[in-house]
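Visitor: Protein sequences, first through last, are from chains A and B. Going by the numbering used here, the first residue of the first sequence is number 1, and it counts up by one from there. Going by the numbering used here, the first residue of the second sequence is number 649, and it counts up by one from there.
Worth double-checking, as some hints may not be accurate.
Unchecked claim - Below, in silico cross-link-like pairs of lysine-lysine (DSS-like), each with a Cα-Cα straight-line distance of 25 Å or less:
1. K853(B) with K864(B)
2. K119(A) with K778(B)
3. K164(A) with K811(B)
4. K122(A) with K778(B)
5. K122(A) with K790(B)
Source of the hints: derived by calculation from the structure; they are not laboratory data. In this text the structure is predicted, and so the values were computed from the model without any measurement.
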Amino acid sequence: MTGPSMRGEQLHSDTFDVLIIGAGGAGLRAAIAARQAGKRVAILTKSLFGKAHTVMAEGGIAAAMGNVNPHDNWQVHFRDTMRGGKFLNNPRMAELHAQEAPERVWELETYGALFDRTKAGKISQRNFGGHEYPRLAHVGDRTGLELIRTLQQKIVSMQQDDEKSLGSAEGALRVFAECTVTNLFKDADGRIAGALVYSRESGRFAVFQAPAVVLATGGIGKSFKVTSNSWEYTGDGHALALRAGATLINMEFVQFHPTGMVWPPSVKGILVTESVRGDGGVLRNSEGKRFMFGYIPDVFKAQYATTEEEADGWYNDPENNRRPPELLPRDEVARAINNEVKEGRGSPHGGVFLDIASRLPAEAIKKKLPSMHHQFAELADVDITKEPMEVGPTCHYVMGGVEVDPDTGASAVPGLFAAGECSGGMHGSNRLGGNSLSDLLVFGKRAGDGAAAYVDALPSLPQISTSEVEAAIADAEAPLSAAEGENPYTVHAELQQMMNDLVGIIRRENEVAKAVEGLDSFDGRLARLKVEGGRAFNPGWHLALDLRNMLLVSRCVAEAALLRTESRGGHTREDYPGMNPEWRQRLLVCSLEDGKVRVDEVMQPPLRPDLLDLFDVSELGKYFTDGELAGRVDPALSASAAAAPEGR
Amino acid sequence: MAYTGQFRVWRGDADGGELADYQVEVNEGEVVLDIIHRIQATQAGDLAVRWNCKAGKCGSCSAEINGRPRLMCMTRMSTFDPDEVITVTPMRTFPVIRDLVTDVSFNYAKARAVPAFAPPDLAPGEYRMKQVDVERSQEFRKCIECFLCQDVCHVVRDHEPNKKAYAGPRFLMRIAELDMHPLDVADRQNAAQTEHGLGLCNITKCCTEVCPEHIKITDNALIPMKERVVDRRYDPLTKRRLKLWRKED
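Let the sequences and hints guide you as you build the complete structure.
Guide: Written as structure tokens, this is what we have:
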């Protein structure tokens, strides 16, 4: 076959300027940027090109374009993002994200994306949890597919241009499908030198030499039993970064999306988009009650409606009504559902009811939520235009990831960059819906540019040591030749069950400690895996390789979760139920020392005064320590102080 | 409610293979992909299969189930009798790599042969389009690239030599999508016929029938595209001009 020779059996060792690991939104956007900066780029993906987990994103891309509500701007988006993350976000990342998201979305239209439109012909924007104004650019409920296809087609179009100008479509930008990076190599000076690549198809290895690597590998959900994530989400980038000497932050924060399918068992965890609620859907318990009104936390009391009348009025008149509490940030809604079920007011299959049928006409539901209609009809025999869905929390996203420089995506290791879900900081303790796709675009581009600039400034090409390559291959091949040992599928299932049970949505000290102990025994089991069959396209072997990453990342999650003695966003400690302002200033940083995970407390960079000024001091008082706010005057308090007579 | 299902799964590689029998537990609400995963986890750890989302959104788990091209994740076990033998084979139109995994690089080559979106001379952010106008192309952009339409299309299914001249339903639809894009500035109609083999399609609608996204590939993409090509190529005035030109030549 002429054309794209992406098949692994033809894989041979090669040299590139920039290796991009992962072909989801962040990886592809980084590749576009690096190629546009004139670099020779390779994209490696565990799956086929165009299948990345980004396709699962449904609701939309958050960007303050102001197409639907002209009051929207980057400052409002920044505020919403910080509130959603409970002020643990890296403020510089949240700032860049809010400022640049509109440009990144408009750019997609020049690549051929077709978003839903407003009456004036602009990109339409929809409401979503935690966003003050309608902000999500979308295509029905298949926005992630539109994003991945658009970027995929842009890559192809750049290859077509290269074919014309260089005479070779793959001369400067190549996609290696079904290839997994198992190891990163550094030179004697500690700079990134390249990677070991495993081809799923042939089961062979190749060495790619490259001075810059961008990690864009997504999340870690496959360490948990109930998850919306696919087989690829095994924390590869997180683990590669740790092993290379980089640091991870915020690993205790794992987002459980409030609405996953709960029945039938085989689809448990599959995502039900938040757009259902953004478009009017409401949550009810077995008594038919809209229970979310009972779960509005103090910090959000000012923005959310307290009666059904006011909540329903908001959809058409947001100026004069507060938002429905179904649209609280995801962590709040997930905990509320969890509590309703625990207190015996759940649905027959252990969730709650999500009702859109009684709220919108059947035709409108099919038009706005076509994939949800299709998914429930085909997988659960439920017609969502006629009856409510049953939903419950599912492991969806990890806020934690590689600690990076906000502007360039650079990690602590020279030449190693990260973007998207596998990087950390942007979303703080909890990500708002819609902020993921925009994150991929904004920081994907920045990491691609950052990697290109790093290569430009590099005085010499880092070299890989042959002995390291040989050792890494031998290590990876061990389970193939083991005479006896455990089945990787069994080990994986038990790891998922343990993480789900002990480090899940609600955490307790003794349980998390038990998980940390349990992980020690998994370390031993991992060394004794046996894989049946040969090298070629062997999913069992691939799982054995992935398990190493899952285990390392699970340990980071568990150890950080044990240390953070408060509840915030995607980390809920039953034994420490409140937010503690002292903890807001602290990040837990994971690193690897002599092969062991170590976790350090590090102070969070302070919020710049001009960004701090975007909030009322009275709101900040709910999150910050008095010391941090010293010298700032609450306008409301000072007004009352001025009005108060002396001596009171 | 659980029962023991009878499965026959094709095992082998490019050098050949055969159907292997498996007796495997089936539970309420499961889909064929669940059963394949159970075989993998308990009886054949090296059984090769592609999958990602398990929700009909990524188009990875394409195969032929009892001879019919389908997504394994969207084929519910309740559509079969408990005593029925279920046969799962790889897509027939593409070369086998291993077990249920095929070499689909044909599709990526065809994708690259279609010229990309040609943007208008507008600054980013200045694009204005009516919803009604974007909807036609949006239907085609629902495509999850499962390649089941490419697999079922008889133009290439048992006619290897046609692969060179024929883009297949998925990529003919891609050309239609770009042709119907309100702001695309390229002319794509002649090439659809001369370079991508639109004329080879004889509208048997098999592609539409197997599409898991229920895209009306034939009615909404291929037939309208054929009409556009006919209007262009066989327009009496154009034809006359062509004839005159030929005479002068």
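Visitor: Does each hint hold? Answer for all of them.
Guide: Do the hints match the structure? See the list:
no. : hint                 : in the structure
1   : K853(B) with K864(B) : holds (9 Å)
2   : K119(A) with K778(B) : holds (7 Å)
3   : K164(A) with K811(B) : holds (24 Å)
4   : K122(A) with K778(B) : holds (8 Å)
5   : K122(A) with K790(B) : holds (21 Å)
Taken one by one, the earlier hints all hold for this structure without exception.
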